[in-house]
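So you can see what is in the structure, the chains are spelled out below.
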Amino acid sequence: MSTQDAHTHMHGLKPAIDPGAKTPRGRNVDRRTPEWVTGLLFVSPWIVGFLSFMAAPILMSLYYSFTDYPLLEPPAWVGLGNYAEMFTDPLFWKTMGNTTLYAALAVPFGTILALFVAWLLNQSVKGLVFFRSAVFLPSLVPLVASSMIWLWLFNGELGLINVAIDGVLGPLGVRGPNWLGDSTWIMPALVLMSFWSIGQAVVIYIASLQDVPKSLYEAADLDGMPPLTKFLNVTLPMISPVVLFNVIMAIITSWQVFAVPYIMLGSEGGPDRAGFFYTMYLYDNAFRFQRMGYASAMAWVQLLIILSLTGLTFLASKKLVHYRA
Amino acid sequence: MARGTDQGVLGRIAVYAVLVGISLLFALPLLWMLSTSLKPTEQTLANPPTLLPEPVSIVPQQLVRNYIGELDADGEVVHRGVWTDPVVDFPLYLRNTLLVSFLAVGGMVISSALIAYGFARVQWRGRNALFVFVLATMMIPFPVLMGPMFIIFRELGWIGTFRPLWVPAFFGTAFNIFLLRQFFLTIPRELDEAARIDGCSHWGIFWRIIVPLSRPALSVVALFHFIFMWNDFLGPLIFLNHRDQFTLALGLQLYQSQAGNVPWNLLMAASVLVVLPVVVLFFLTQRTFVEGIATQGLKE
Chain G
133 MSTQDAHTHM
143 HGLKPAIDPG
153 AKTPRGRNVD
163 RRTPEWVTGL
173 LFVSPWIVGF
183 LSFMAAPILM
193 SLYYSFTDYP
203 LLEPPAWVGL
213 GNYAEMFTDP
223 LFWKTMGNTT
233 LYAALAVPFG
243 TILALFVAWL
253 LNQSVKGLVF
263 FRSAVFLPSL
273 VPLVASSMIW
283 LWLFNGELGL
293 INVAIDGVLG
303 PLGVRGPNWL
313 GDSTWIMPAL
323 VLMSFWSIGQ
333 AVVIYIASLQ
343 DVPKSLYEAA
353 DLDGMPPLTK
363 FLNVTLPMIS
373 PVVLFNVIMA
383 IITSWQVFAV
393 PYIMLGSEGG
403 PDRAGFFYTM
413 YLYDNAFRFQ
423 RMGYASAMAW
433 VQLLIILSLT
443 GLTFLASKKL
453 VHYRA
Chain S
94 MARGTDQGVL
104 GRIAVYAVLV
114 GISLLFALPL
124 LWMLSTSLKP
134 TEQTLANPPT
144 LLPEPVSIVP
154 QQLVRNYIGE
164 LDADGEVVHR
174 GVWTDPVVDF
184 PLYLRNTLLV
194 SFLAVGGMVI
204 SSALIAYGFA
214 RVQWRGRNAL
224 FVFVLATMMI
234 PFPVLMGPMF
244 IIFRELGWIG
254 TFRPLWVPAF
264 FGTAFNIFLL
274 RQFFLTIPRE
284 LDEAARIDGC
294 SHWGIFWRII
304 VPLSRPALSV
314 VALFHFIFMW
324 NDFLGPLIFL
334 NHRDQFTLAL
344 GLQLYQSQAG
354 NVPWNLLMAA
364 SVLVVLPVVV
374 LFFLTQRTFV
384 EGIATQGLKE
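Listed in order, the protein sequences are those of chains G and S.
Just so you know, the numbering used here puts 320 at position 188 of the first sequence, and the rest follows in order with no gaps.
Just so you know, the numbering used here puts 314 at position 221 of the second sequence, and the rest follows in order with no gaps.
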């Protein structure tokens, strides 16, 4: 870059009629705004937006997290009070448990399922466009609408899922559970439902599968590798950076789960609060209980959890992820 | 193709069977929503249910009855469908959603393009470091920010207006900036250099060269942000405080949570209304969509 800049003055005056210029690099031409000013001007909307809608809120919530802030009155300093309260707050731990359980089930199984479906959809078969659309489309359905659809599917008496279970397993004496009305079945129901929207991950995986060099497969075929071995030893290492990125984003998303349980189970998260998630409790504290201080402390804990989970995923994957040179 | 043949006929049949099964499983919830939305209420209570409304010939009549409502000879509403619900004003919510989405999409496309140009086409110190930082902000989740954002918007007097939903879109967002930057990097540099020699400024290059050549990428950003706005639930829930301002997402939830249960056929009809535009948009722009999402793997 710097060598290019060094040439600019030579071309600066009459570059258009200089036939000797091989590759005219007209940056930093005299009288023009310096490049760094132009660059900063172009990116300035992001800087302004970052400062006002990210940096300021994060710093504000750091301050509020040390205060008691009932929204209609000014914040009052309480030191580490909010953080201390969290330790003994059973609801806080309930949401931690639920959210962790959900992430621990939805992320790994969702990833395996998405990889499997992507692998299937990467085969050369007829009707791929149809298959891909069917898998992808549900991931675009607005969460409110998918909540309605799955409320209906999970309905204990008339829902299609239980009609199917009772029809197939009924003769064996197995009855479908009252999914959303039974605290033991709420989490499985939500995890099952999350698999319906893996379409975006599938599309990303298909794209990365297509980037794997064909020659590697040919080599594997010469060695007589069976398909599964080939997938585990050739494909997976090649696409591992993409998988890592997706897993990280999925973890982050699972810590933000709000709309689906809030709509399907109500603000309490259903019987025994079995579907009460971290973000729902944060929302309650901030906007229903007028406890912005406590909510801010929860926001900071959430931020730290997400950052450390991301860091841990990176560390854990160091040996597993293969970055192409 | 070489990969397909080495599996043998049985393998291929197995792949087909699994693909058909999986596609059906994924499509079933949507088809079931559609079928339920066209049934009379009694039929939604039947156990076991019928696959389609019975007889199928009632479908056109049910379409009008459930989705719009029934009028008598004088044009008075005798039966309320989704569109004519007395409490939940879906036509208004549709207008609100479209208004907010268009403002936000416009802001997002313009700002992300400008910012991406600054990262792709202008040489300045610290550019790459800042870009990595921009990417890192993708990890910051909205729930962490929402409390203080509410307070900021309250100070500005914006709570209960649409502004908190569309103004932030005018400052770009990490993923869209990333997507456009990657695209801008693929446009040959010779084009801007030629333009520079002709006396074009960066501003001129941006508008006359980069923007016209980047229509596909810009439409991906527009599409994604439109879908995001259409789907957003938590934002409107926090920042809007009056029913008249609700978006469709909030409206659908309001419809479901009304006193006295809404019959399943009407709830599904309302859901169809919310899902349908997204489905249509997907089929119209399928390629753009799939290519745009494939970029999400963050490959350089």
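Rather than coming from a laboratory, the hints here were simulated on the basis of the structure.
Keep in mind that a hint or two might mislead.
As the list claims (entries may be wrong) - Taking CB as the label site, the calculated pair distances span:
{"no.": "1", "chain 1": "G", "residue 1": "LEU173", "chain 2": "S", "residue 2": "ARG256", "range": "22 to 30 Å"}
{"no.": "2", "chain 1": "S", "residue 1": "GLU163", "chain 2": "G", "residue 2": "PRO359", "range": "55 to 63 Å"}
{"no.": "3", "chain 1": "G", "residue 1": "LEU304", "chain 2": "S", "residue 2": "THR378", "range": "15 to 23 Å"}
{"no.": "4", "chain 1": "S", "residue 1": "HIS335", "chain 2": "G", "residue 2": "ALA187", "range": "25 to 33 Å"}
{"no.": "5", "chain 1": "G", "residue 1": "PRO206", "chain 2": "S", "residue 2": "ASP291", "range": "36 to 44 Å"}
{"no.": "6", "chain 1": "S", "residue 1": "ASP291", "chain 2": "G", "residue 2": "LEU360", "range": "56 to 64 Å"}
{"no.": "7", "chain 1": "S", "residue 1": "VAL304", "chain 2": "G", "residue 2": "ASP298", "range": "55 to 63 Å"}
{"no.": "8", "chain 1": "G", "residue 1": "PHE421", "chain 2": "S", "residue 2": "TRP251", "range": "45 to 53 Å"}
{"no.": "9", "chain 1": "S", "residue 1": "GLN379", "chain 2": "G", "residue 2": "ARG420", "range": "39 to 47 Å"}
{"no.": "10", "chain 1": "G", "residue 1": "LEU301", "chain 2": "S", "residue 2": "THR378", "range": "39 to 47 Å"}
As the list claims (entries may be wrong) - A few chain G residues facing chain S, derived, Cβ under 10 Å:
{"no.": "11", "residue": "LEU223"}
{"no.": "12", "residue": "VAL267"}
{"no.": "13", "residue": "ALA277"}
{"no.": "14", "residue": "SER279"}
{"no.": "15", "residue": "LEU301"}
{"no.": "16", "residue": "LEU304"}
{"no.": "17", "residue": "VAL306"}
{"no.": "18", "residue": "PRO359"}
{"no.": "19", "residue": "THR361"}
{"no.": "20", "residue": "VAL379"}
{"no.": "21", "residue": "ALA382"}
{"no.": "22", "residue": "GLY398"}
Stated by the list, open to error - Reference listing, derived: stretches of chain S covered by chain G, where coverage requires no fewer than 3 residues with Cβ under 8 Å from a Cβ of chain G:
{"no.": "23", "segment": "122 to 129"}
{"no.": "24", "segment": "202 to 214"}
{"no.": "25", "segment": "223 to 235"}
{"no.": "26", "segment": "242 to 249"}
{"no.": "27", "segment": "257 to 266"}
{"no.": "28", "segment": "322 to 332"}
{"no.": "29", "segment": "361 to 374"}
Ideal Cβ placement from N, Cα and C applies to all residues, glycine included.
Now for the hints, and whether the structure bears them out:
1. G:LEU173 with S:ARG256: 22 to 30 Å: holds (25 Å)
2. S:GLU163 with G:PRO359: 55 to 63 Å: For PRO359 (chain G) against GLU163 (chain S), whose Cβ atoms are near 57 Å apart, the range 55 to 63 Å holds.
3. G:LEU304 with S:THR378: 15 to 23 Å: At 47 Å between Cβs, range violated.
4. S:HIS335 with G:ALA187: 25 to 33 Å: Once the Cβ atoms are compared, 30 Å apart, the range 25 to 33 Å for ALA187 (chain G) and HIS335 (chain S) holds.
5. G:PRO206 with S:ASP291: 36 to 44 Å: violated (59 Å)
6. S:ASP291 with G:LEU360: 56 to 64 Å: holds (59 Å)
7. S:VAL304 with G:ASP298: 55 to 63 Å: The hint (55 to 63 Å, Cβ to Cβ) holds, given that VAL304 (chain S) and ASP298 (chain G) are roughly 58 Å apart.
8. G:PHE421 with S:TRP251: 45 to 53 Å: violated (23 Å)
9. S:GLN379 with G:ARG420: 39 to 47 Å: Holds - the Cβ-Cβ distance for GLN379 (chain S) and ARG420 (chain G), about 41 Å, lies within 39 to 47 Å.
10. G:LEU301 with S:THR378: 39 to 47 Å: holds (42 Å)
11. LEU223: Violated, because the Cβ-Cβ distance from LEU223 (chain G) to chain S comes to roughly 16 Å (cut-off 10 Å).
12. VAL267: Holds: closest Cβ of chain S sits about 5 Å from VAL267 (chain G), inside 10 Å.
13. ALA277: holds (4 Å)
14. SER279: holds (8 Å)
15. LEU301: LEU301 (chain G) check fails; min Cβ-Cβ to chain S is 14 Å, beyond 10 Å.
16. LEU304: Nearest chain S Cβ about 17 Å off; hint violated.
17. VAL306: Where the cut-off is 10 Å and the nearest Cβ of chain S is about 16 Å from VAL306 (chain G), the hint is violated.
18. PRO359: holds (7 Å)
19. THR361: violated (13 Å)
20. VAL379: It is violated, given that the least Cβ distance between VAL379 (chain G) and chain S is near 12 Å, above 10 Å.
21. ALA382: violated (12 Å)
22. GLY398: holds (8 Å)
23. 122 to 129: holds (count 5)
24. 202 to 214: This one holds; 6 residues, not fewer than the three required, reach chain G with a Cβ under 8 Å.
25. 223 to 235: holds (count 8)
26. 242 to 249: Coverage by chain G holds for the segment 242 to 249 of chain S (4 residues, Cβ < 8 Å).
27. 257 to 266: As far as the segment 257 to 266 of chain S goes, the hint holds, because 4 residues have Cβ atoms under 8 Å from chain G.
28. 322 to 332: holds (count 5)
29. 361 to 374: holds (count 7)
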